[in-house]
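Each chain, letter by letter, is given below.
2 protein chains.
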Amino acid sequence: MRIERVEFFYLSMPVIENVGDGSQDAVLVRVEAGGQTGWGECEAAPLPTIAALVCPPSHSACRPVQESVVGAKLESPSDIANIHAAVRRNSLDLLQADHALSGIDMALWDLLGRARGEPVYKLLGDKRAYPKLPYASVLFGETPQETLAKAQGIRKEKYRAAKFGWGPFGKSTAQFDRDQIHAAREGLGSDGILLVDAGTVWEDNVERAAQVLEALNVVNATWLEEPFVSGALSAYKKLSALSGRVKLAGGEGCHNFHMAAQMIDYAGLGYVQIDAGRIGGISAARQAAEYARERGVTYVNHTFTSHLALSASLQAYAGFERDEICEYPVESKPLAQELTAGRIERRADGTISVPDSPGLGLVPDLKALQKYLVDVEIKVHGKTLYKTPPLKA
Amino acid sequence: MRIERVEFFYLSMPVIENVGDGSQDAVLVRVEAGGQTGWGECEAAPLPTIAALVCPPSHSACRPVQESVVGAKLESPSDIANIHAAVRRNSLDLLQADHALSGIDMALWDLLGRARGEPVYKLLGDKRAYPKLPYASVLFGETPQETLAKAQGIRKEKYRAAKFGWGPFGKSTAQFDRDQIHAAREGLGSDGILLVDAGTVWEDNVERAAQVLEALNVVNATWLEEPFVSGALSAYKKLSALSGRVKLAGGEGCHNFHMAAQMIDYAGLGYVQIDAGRIGGISAARQAAEYARERGVTYVNHTFTSHLALSASLQAYAGFERDEICEYPVESKPLAQELTAGRIERRADGTISVPDSPGLGLVPDLKALQKYLVDVEIKVHGKTLYKTPPLKA
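Top to bottom, those sequences are chains A and B.
FYI, the numbering for the first sequence is 1 to 393, going by my numbering.
FYI, the numbering for the second sequence is 1 to 393, going by my numbering.
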């Protein structure tokens, strides 16, 4: 079969709050080939991502993403690899193309899985999907008191692991950060796995980041995530030498495999966190997971949005028994919650698994999503390059 | 003064050819503050870059670029640093933002230089601008015979250095590549500096790249540029160990300072090539130039478009006497040639210098550019977020 159509849908909450919550909008991707449909999701700014799909070409290495996808053959995993390589090559200088490719790549795997009646992880060569231990991923409270209450709530929901991040963390005094860290541990109880996410707030300032290390060690936190921006390799490396039992985590900003490899090779990470919606989809996430495994770095998904994105993120390392922990969004906005009718629910023992059904195993709830669909129109030289397509089956 | 307005203009040749010539379109940037105007240029896909400027926000770290710029104070270089940092922070997850920032950053330096009556390199702290030795930057011919003729033409034009790149190079046999390399040297003569640009064609395939090393050494080439994509650090490092007298060059794909630092630290480069129109403007280019100097790696601009972009690229290292070589576009399309009325011309000894006048020292030729202006309209929820502004003084 050949790819007949690639469509991007901009979905958004009616109001976007100025907080670190990436579940407030979405780029949903639909690919059609041979009577089959595949779905994916870019973790990306919707308007520039749509523009990357449909823009006029600039030169031979700066071409619209759709050009490398529509009409391409799709019958096997190697066809997906060819499409992936074509986008990277033909859109090399179109920065936003990596984010656009991410949702398309997911949809290609979903479509192929449906056509073959197999879950994506099996197409990737894994015989079985191991259970993952989800951590509840939430924002820090505005005060340590709020964080305490959030942590208590998470404990009540019987999560065995929780991550607190963003919000006011890292933006005022180190003492405030330490209070936040202690509040999170107090609320979670001594047995819960505690993870802390600085959300790149210190950019590459090792000295400032080091001021929270003792508190993290005292409360027995498992990791400190993104003290610095992705790619600030020497800052990561320096901090990792000081971090004691607490390991560093990072990598969500990687938008291709090579960036993930650098983080694994040079940043002194204990955990590499990959967002399949940014790195180039399941193909690039899988490549990063294999690279991490060979080098003894634990692979973790980065997912703060829908369960469609969650399934895609999990497929890449579902078959890796030792990479057990996974991110699990619990505070997401109604848009992200309603994006799929089905969900990846926790079992009684607190673990989750990818759906054991074809493709990604979840489909968008088109009826529920109508109210979130954003009407976009892009005209160049008077010609309409993009108009929001109808979101119908 | 405060920034009153930031405008992006999409300029394009009437027909875009599917060749590796990045001078076929442009994103021209105008910034206005306190009665002054500054100009810059993004080396980027125009439509996604415009979308990055004006898109609706997604969350606190994925906001439109203009939000961090319009209204900001602009009275000193530290104000530019603040604006730069705000864009990086507030648009962290908007991938295309780095390319959008690049042209804005140039325009901020241009504007500040004009307001103070000083060239940008002086605002950067350099007392004088040293002459640079430009290399003629051209595409390989389709055949070795064509390349020979091109090289002979360059020699006739009295360039002391030339770079051949892209086109068919690296896409068929290693023998074809070797023939191309020998043809370039033959046409250029034995005394010219010969540079070869593989345009990332081997992605990260060290074995294939190694097949041209002997020929490069035999013809006494100075560098092999971009055998691999930016960020494929271990592939670069491995090849650098095999490359003999020929040094590796790369880095044009870097879209922030940290990526340039990685290439300098881990890729085994002899030359780091930075495009101010991609890395985040003059501010980030300068940071990379200083980092390279401290580590004994030669800094070179990457510029394949207009003389406005050329001036901006040169300002970052104009004061660095030892980084002598510079890229100089010679085959650019009429759009790029007409973009400025003034030009940076070669002197009788073959060298060039940045203009010794305020700001970037060159201004767009608005009259000539009218015919290249592309009409763009972007509507979201029925509201016009972008409509090509008039390109008038």
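Source of the hints: derived by calculation from the structure; they are not laboratory data.
The reader is advised that the hints may include incorrect statements.
[Stated by the list, open to error] Here are the simulated DSSO-like pairs of lysine-lysine, each with C-alpha atoms no more than 27 Å apart in a straight line:
#1 B:Lys73 to A:Lys171
#2 B:Lys73 to B:Lys392
#3 B:Lys237 to B:Lys171
#4 A:Lys367 to B:Lys379
Model, not experiment: these values are computed from the prediction.
Can you confirm whether the C-alpha distance between Lys73 of chain B and Lys171 of chain A stays at or below 27 Å?
OK: Lys73 of chain B and Lys171 of chain A at ~22 Å, within 27 Å.
Does Lys367 of chain A pair with Lys379 of chain B here, judged by a C-alpha cut-off of 27 Å?
holds (24 Å)
For the pair we were handed, Lys237 of chain B and Lys171 of chain B, check the Cα-Cα distance against 27 Å.
Roughly 22 Å separates the two Cα atoms, so the pair holds.
Given the hint that Lys73 of chain B pairs with Lys392 of chain B, does the C-alpha gap stay at or below 27 Å?
Measuring from Cα to Cα gives roughly 25 Å; hence the hint holds.
Comparing the model with each numbered hint stated earlier shows that all of them hold.
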